[in-house]
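Q: Got chain F; can you put chain D on it based on the hints?
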Amino acid sequence: MISDRIRTTTREVRRSARWHAVFVCLIVATTCVPDAGASSLEGAAERYRRYLADDIGRTLAGARALRERMEAHDLDGAKGAWIEARIGWERSEVFTSGFVPELDQEIDAWPNAQRGFHAIEAKLFGADRTDSHEETEALIAHLTNLHAMVQDIPLQPQRLLNGIARLAFEIGGNKADGGESRLSGTSLGDMQSNVDGIELAYRIIFSDAVEAAAPELAEAARAAIQDLKATVQVPALRDIDSEKLRAKSEELVAILQSAAASLGLQRPTLEEATPQ
Amino acid sequence: MNVRLKLAVAALALVLAMPLQYSSSFPLGGNETVLPPGTELNEDALARPREVFRSEFVGGRKSYLVNLGDVAFNSPTILGGAARKAGVSCGTCHVNGASNPKLFIPGMSTRPGNFDTTGLTFSPKAFNSLLDSVRIPSLRGARHLAPYGHDGRFASLRDFIRNAIVNEFAGPEPAPAILDALVTYVQDIDFLRNPRLGPGGRLAPSYASEAELRGEALFFKPFRHQPTLSCATCHVPTGVFVDYLQHDVGSGGFFKTPTLLNANFNRPYFHDGRYDSYDQVVEHFDGLFDLGLAATDKQELVAYLTAVGDGERPYERDGVMLRMKEINDFASVLELAIPAGDAAIVSLVVRTVGTELRELAERFPDHRNNAVAGGQLERRAARMALKDLVMMFRNIELAVSAGRFDDAAAQLQKINERAFVEVPALLKKAEPWSLFNSEVHDAHYGALQQMFGSANRRPQ
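Residue numbers (this note's numbering), protein chains in the order written: chain F, 1 to 276; chain D, 1 to 460.
To be clear, the hints were calculated from the coordinates, so they are not data collected in a lab. Treat the hints with care, as some may be off.
[To be verified] Result set (DSSO-like, lysine-lysine): computed pairs, CA atoms no more than 30 Å apart in a straight line:
id	chain 1	residue 1	chain 2	residue 2
1	D	K221	F	K244
2	D	K85	F	K229
3	D	K429	D	K325
4	F	K79	D	K85
5	D	K325	D	K298
6	D	K325	D	K102
7	F	K244	D	K298
8	D	K102	D	K125
9	D	K414	D	K428
10	D	K102	D	K428
11	D	K325	D	K85
12	D	K414	D	K125
13	D	K298	D	K62
14	F	K244	F	K229
15	D	K325	D	K221
16	D	K85	F	K244
17	D	K429	D	K62
18	F	K244	D	K414
Only chain F is shown next, with the shape it has when bound in the complex (with noise of 0.2 Å):
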């Protein structure tokens, strides 16, 4: 599961790559218009929908997958299926929690787990039960409903800069006790996706801009997510530097706060400002 995780993002290096060499040639060409940095932007948002409309479907998929290996009774298929489900969800966070804080609590509600996937984890890990079909039909209508929404929601550029730094500030929060999924045993996995979806949407969204306003603060906050990263790249959840672990969410977070102002935008937030 962890090697086809990584081979996915070794995948969407690549691809971002492409992507990356297209928007630099943009950014020079455009640096010169007035309130360029907004609509430069805008756009590289446009082109982030691609990546959270793959990961919002891989979600739907994995949880697809799920009532379907519930309804064959084959526990170890199910969980599989719920865990798949959650990589996508991890790395759309960056989106979710800050867009739609309402079918987030449908489809991520914790700690009471009466519905969205805790509910169907503390079955499915914590009794051995393949049984949460109502359960994980609701996962199912909502996902579809989001996947639906994440085609053509707007996604300015701002709500998404503070939905990576209120990401950033929250994956350095203690999990000496065991974290969300802590049932699954898989809060690490939760965090190495967190960071994925983070590098993702800085790279395909920010990072050429920053490049071309601020360079030194381009090269920290690459050189932080890198940091990040390494810090979750442990073999359990309990190998985790915590200390190391804030100091570089909160580093990543201080660099992202800085960045704002030369890219026209306003310090992010570590919560939505405007609440639902």
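A: Only chain D this time, still in chain F's reference frame:
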């Protein structure tokens, strides 16, 4: 491996034998925790022991050293190994400088409130292959209670603290400045005032009942078979009810005389925490010295011990004002550390305060937590204010590490402008929907319990 296995089996047996009353608060669960599943650190308790500082009690203020010591005391980063990873600090066991009668770590505790300081979990260096847990003592009045350790093996508080950090909790050698501060902090933790005691450690007659006064007389009465001894021989009332010696009282060796002051809040009793109540303690001594106490004598002695062991307002309700006061006290260390260019102390403060602020932010449930309805705006504002403070503190550390001391001082000024009035006001507004509210607290932890409970409901 064998020893580990034995410990694991022993721990499991102990967990299974645990009375239900001990599992009332929220234990760690799942299989990815740093500390063993079933660990109870009692960190979600809403009542916290009240901490009284000598410097404040006599009308002064806590010094830089006291505050720095308090920071270090509550910082897992001065420890090493599992403690550091699990976020365990001195303050985890000695909550607000008192004890933690609910703390239980499988494999390290034989009952709630005790802990094996020579167990394998925290420091292989100290591991002695025995499950010899000792009770977690309160540190109130510690400056009067030398020698240190349950068996009095350390004459110096400084040596005791260093040993705990380096040998028992696998921490790095602490800087002399940090040790100075820890000693000063511990020495400033006072006993809770007990108005029931007058000069000479005698019961104040205006407060004392007949039973308590008869208990006091029994306390001074020579033992019938050893007339040179009485309870007061070792628990000397003119002092702090100790004689600074170690005695064999039939509990397996020589252990130092514990103080009776504030002892009502220091359960369990004896060096290993074997007794839950004064009744059991009195029963023990009645048997050991063949005192021939009648049932009423025992009750009167217990009444006397309860009067001596009392203290004013032993607990206080946890809440945002208490937390922010502690955070601001910790942050006050930066007033001297930044101009001094002391990067190590700045880092220690930033990390400890950051952890406290993050933990405080977690007390305000986010939108995914349906244990609480309402107050979403307020909760969000509270979380945002706390996260902003975390970043402001981090920026201080980044500025100091880059040699930009003026920037760091300016940032601290901005923090002070917010952290004394504005942020506490925002938190206070959100408090009714926070985990400081009993109903929200119970719903939240009840949901967690339910989730972990599911692990025990596997199909047959």
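Q: Could you tell me which of the numbered hints above are not met by this structure, giving the numbers in increasing order?
A: 1, 5, 7, 12, 13 and 15
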